[in-house]
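Student: Here is what each chain is made of, one letter per residue.
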Amino acid sequence: MSSPDEEEGVDEWVPPSRRPELADVAPLPQGDGPCPVVAIAYRDDFREVMDYFRALYAAGERSPRALRITADAIDFNPGNYTVWHFRRVILEALDADLIQEMNFVDQIAECNAKNYQVWHHKRWLAEKLGPDVANSEHEFTRKILYDDAKNYHAWSHRQWVLQALGGWESELQYCNQLLEEDVFNNSAWNQRYLVVTRSPILGGLVTMRDSEVDYTVEAIIANPQNESPWRYLRGLYKGDNTLLVADDRISDVCLKVLNNDWRCIFALGLLLELLRMGLQPSDELRGTIEAINNSDPEIEHTDLATAVCSILQKCDPLRINYWSWYRTTLSS
Amino acid sequence: MGEQGELAADQHVRYIVTAEKKKDSFESLVMEHLRASGAYWGLTTLDLLHKLHAVDSAEVVDWIMSCYHPESGGFGGNVGHDPHVLYTLSAVQVLCLFDRLDVLDVEKVADYVTGLQNEDGSFSGDMWGEVDTRFSYISICTLSLLHRLHKINVDKAVEYIVSCKNLDGGFGAMPGGESHAGQIFCCVGALAITGSLHHIDRDLLGWWLCERQCRDGGLNGRPEKLADVCYSWWVLSSLIMIDRVHWIDKEKLAKFILNCQDKENGGISDRPDNAVDIYHTYFGVAGLSLMEYPGVKPMDPAYALPLDVVNRIFLSKQQ
Numbered sequence: 001m002s003s004p005d006e007e008e009g010v011d012e013w014v015p016p017s018r019r020p021e022l023a024d025v026a027p028l029p030q031g032d033g034p035c036p037v038v039a040i041a042y043r044d045d046f047r048e049v050m051d052y053f054r055a056l057y058a059a060g061e062r063s064p065r066a067l068r069i070t071a072d073a074i075d076f077n078p079g080n081y082t083v084w085h086f087r088r089v090i091l092e093a094l095d096a097d098l099i100q101e102m103n104f105v106d107q108i109a110e111c112n113a114k115n116y117q118v119w120h121h122k123r124w125l126a127e128k129l130g131p132d133v134a135n136s137e138h139e140f141t142r143k144i145l146y147d148d149a150k151n152y153h154a155w156s157h158r159q160w161v162l163q164a165l166g167g168w169e170s171e172l173q174y175c176n177q178l179l180e181e182d183v184f185n186n187s188a189w190n191q192r193y194l195v196v197t198r199s200p201i202l203g204g205l206v207t208m209r210d211s212e213v214d215y216t217v218e219a220i221i222a223n224p225q226n227e228s229p230w231r232y233l234r235g236l237y238k239g240d241n242t243l244l245v246a247d248d249r250i251s252d253v254c255l256k257v258l259n260n261d262w263r264c265i266f267a268l269g270l271l272l273e274l275l276r277m278g279l280q281p282s283d284e285l286r287g288t289i290e291a292i293n294n295s296d297p298e299i300e301h302t303d304l305a306t307a308v309c310s311i312l313q314k315c316d317p318l319r320i321n322y323w324s325w326y327r328t329t330l331s332s
Numbered sequence: 333m334g335e336q337g338e339l340a341a342d343q344h345v346r347y348i349v350t351a352e353k354k355k356d357s358f359e360s361l362v363m364e365h366l367r368a369s370g371a372y373w374g375l376t377t378l379d380l381l382h383k384l385h386a387v388d389s390a391e392v393v394d395w396i397m398s399c400y401h402p403e404s405g406g407f408g409g410n411v412g413h414d415p416h417v418l419y420t421l422s423a424v425q426v427l428c429l430f431d432r433l434d435v436l437d438v439e440k441v442a443d444y445v446t447g448l449q450n451e452d453g454s455f456s457g458d459m460w461g462e463v464d465t466r467f468s469y470i471s472i473c474t475l476s477l478l479h480r481l482h483k484i485n486v487d488k489a490v491e492y493i494v495s496c497k498n499l500d501g502g503f504g505a506m507p508g509g510e511s512h513a514g515q516i517f518c519c520v521g522a523l524a525i526t527g528s529l530h531h532i533d534r535d536l537l538g539w540w541l542c543e544r545q546c547r548d549g550g551l552n553g554r555p556e557k558l559a560d561v562c563y564s565w566w567v568l569s570s571l572i573m574i575d576r577v578h579w580i581d582k583e584k585l586a587k588f589i590l591n592c593q594d595k596e597n598g599g600i601s602d603r604p605d606n607a608v609d610i611y612h613t614y615f616g617v618a619g620l621s622l623m624e625y626p627g628v629k630p631m632d633p634a635y636a637l638p639l640d641v642v643n644r645i646f647l648s649k650q651q
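Chains A and B are the protein sequences, given in the same order. Take the first sequence: its position 147, counted from the start at 1, is 147 in my numbering, and no numbers get skipped. Take the second sequence: its position 243, counted from the start at 1, is 575 in my numbering, and no numbers get skipped.
No lab work stands behind these hints: they were computed from the structure. Among these hints, one or two may not hold up.
No farther apart than 30 Å at their CA atoms in a straight line, the calculated lysine-lysine pairs in the DSSO-like style are these [claimed, not checked]: (1) B:Lys557 / A:Lys143; (2) A:Lys150 / B:Lys557; (3) B:Lys557 / A:Lys256; (4) A:Lys314 / B:Lys587; (5) A:Lys150 / B:Lys497; (6) B:Lys383 / A:Lys114; (7) A:Lys238 / B:Lys488; (8) A:Lys143 / B:Lys584; (9) A:Lys128 / B:Lys497; (10) A:Lys128 / B:Lys557; (11) B:Lys557 / A:Lys314; (12) B:Lys584 / A:Lys314; (13) B:Lys587 / A:Lys238; (14) B:Lys584 / A:Lys150.
Everything numeric in this text was worked out from a predicted model, so none of it was measured.
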């Protein structure tokens, strides 16, 4: 048998009831029952495809024509996981060309990039095809991320390919590129953390920490109202509060940002954490906070950490209860 | 009808009970295979609005059982669909709503779910092996509702979930996966049910979660993304489970949800002025339930079922 081809006539879709190859098949309708709970109506051609699918599925037929029907059904509803299951069963039975299958699913994925079944099918194929497809899989996720740089499925797949099949070499560079395009992309920051901590090439978090702090500080200065790099900066020192407090660059970036915009909640928040951890504020920092205090008579004049907390309560009213709680932790 | 900012409960009930028969509706095409979950969303919403009696419980139970695969013990998303843990949970939850767990071969269903646990403690969705922390929650929730949690390796399950914890205190779909409110709900829910919340840094995660509240009062699922009504559930229930729900502005969130209603035709959408669907209708009402909105029954944040249903399961004498 030749390798299964997916569509008969590329120009015009032929409904199953008019395909000679299916002339002997009795289509099997959906058993909905008289009063469906959540009533669903179907398009006629979709109904027809599914009737033929059900017939072939019920018969357990693993043939090229059955494979074609699954392609039709997927076209109508790529979320139908049972169709994908049956397709995999057929592919295995026919010992099909899996590279060709990967091309098929990639086409579906391009138009259905947030569909779980599609990505799982890709992973199933990639597992079988092995490290040889690492590069093409990375190319593919790159393509998807080009359209939607935060697509969670694409990122999950990319991470899995890296860890299972390799391809770490240019991943940090890829993160750089994405962050250049959109420094607000939290997924790219998350990926950066993955690369820095898990890449077999780079040497791990402690080795990378210094250059990563510089990179992140630069990103913050360029766009202080960006949640991700502030969290990332904090994450670089996770579990190492002493080092965090000791690294002047951290308090410096807070100061620099606040001098430009005293309302920056992220800067105030990080500063607050540093103070709580025992940062001895420089005169300059002290001066900046006091200037903010003085500009608003409602803000109480107490110790620095409490002062920052009060500022936050005013600047971030949506989370006033959080900052009020935070204040209670400052009592010591 | 009703003033601006009120819950159009009657309209939502009508929307669910008489779902429109539009032949070319996109929703109809893509929902067929997950009708079991659609039923859970619709029926739970009805129950929350005190209208579960609007449907015939015998019919529902019959249909749910027609999705059951006696050989495997799992449920498919609809008649003729392969078993999957997603729809097994939905089926069990629907049966809980009607207090009809008696129709189940509990051991068989429990064995189906138990069989999906992998060596590293994670759970697959079905025989094809897709792994995701969603399935950890789903399996743990299902087994707990059936009083069969002891059948899995709970310690390993917890260990796997903890391995998905990120530097920001949140959780992803797999180790290293970006923190996402939906995945966080699943991990926090699973840890709550297994009595393992001590693994969570509540203050850190609570802060990440309350940072999801946007200026419009709605909640997003990740930094720098748009608010969406479904996060009213994922974020809110997580906050409740870790005792930090007072860190968001509940009034503003409630206003956001109410603004997402179609007050004429019923239903709730992901954000104001978009098309409604059953999924967002459920999550909107569920979010309001968690905030004790008048006229809506209280919900259990971990089991995602009305509180009285959960109490019936865990406090009654039959086990």
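Student: Indicate, hint by hint, whether the structure satisfies it.
Tutor: Hints, one by one, checked against the model:
1. B:Lys557 / A:Lys143: holds (21 Å)
2. A:Lys150 / B:Lys557: holds (9 Å)
3. B:Lys557 / A:Lys256: Holds, because 27 Å separates the two Cα atoms, which is no more than 30 Å.
4. A:Lys314 / B:Lys587: holds (22 Å)
5. A:Lys150 / B:Lys497: Distance ~19 Å between A:Lys150 and B:Lys497 Cα, so the pair holds.
6. B:Lys383 / A:Lys114: violated (34 Å)
7. A:Lys238 / B:Lys488: Given that 30 Å is the threshold and the Cα spacing comes to 25 Å, the pair holds.
8. A:Lys143 / B:Lys584: violated (38 Å)
9. A:Lys128 / B:Lys497: Holds, at roughly 29 Å.
10. A:Lys128 / B:Lys557: Cα-Cα ~35 Å, so violated.
11. B:Lys557 / A:Lys314: holds (24 Å)
12. B:Lys584 / A:Lys314: holds (17 Å)
13. B:Lys587 / A:Lys238: violated (37 Å)
14. B:Lys584 / A:Lys150: holds (27 Å)
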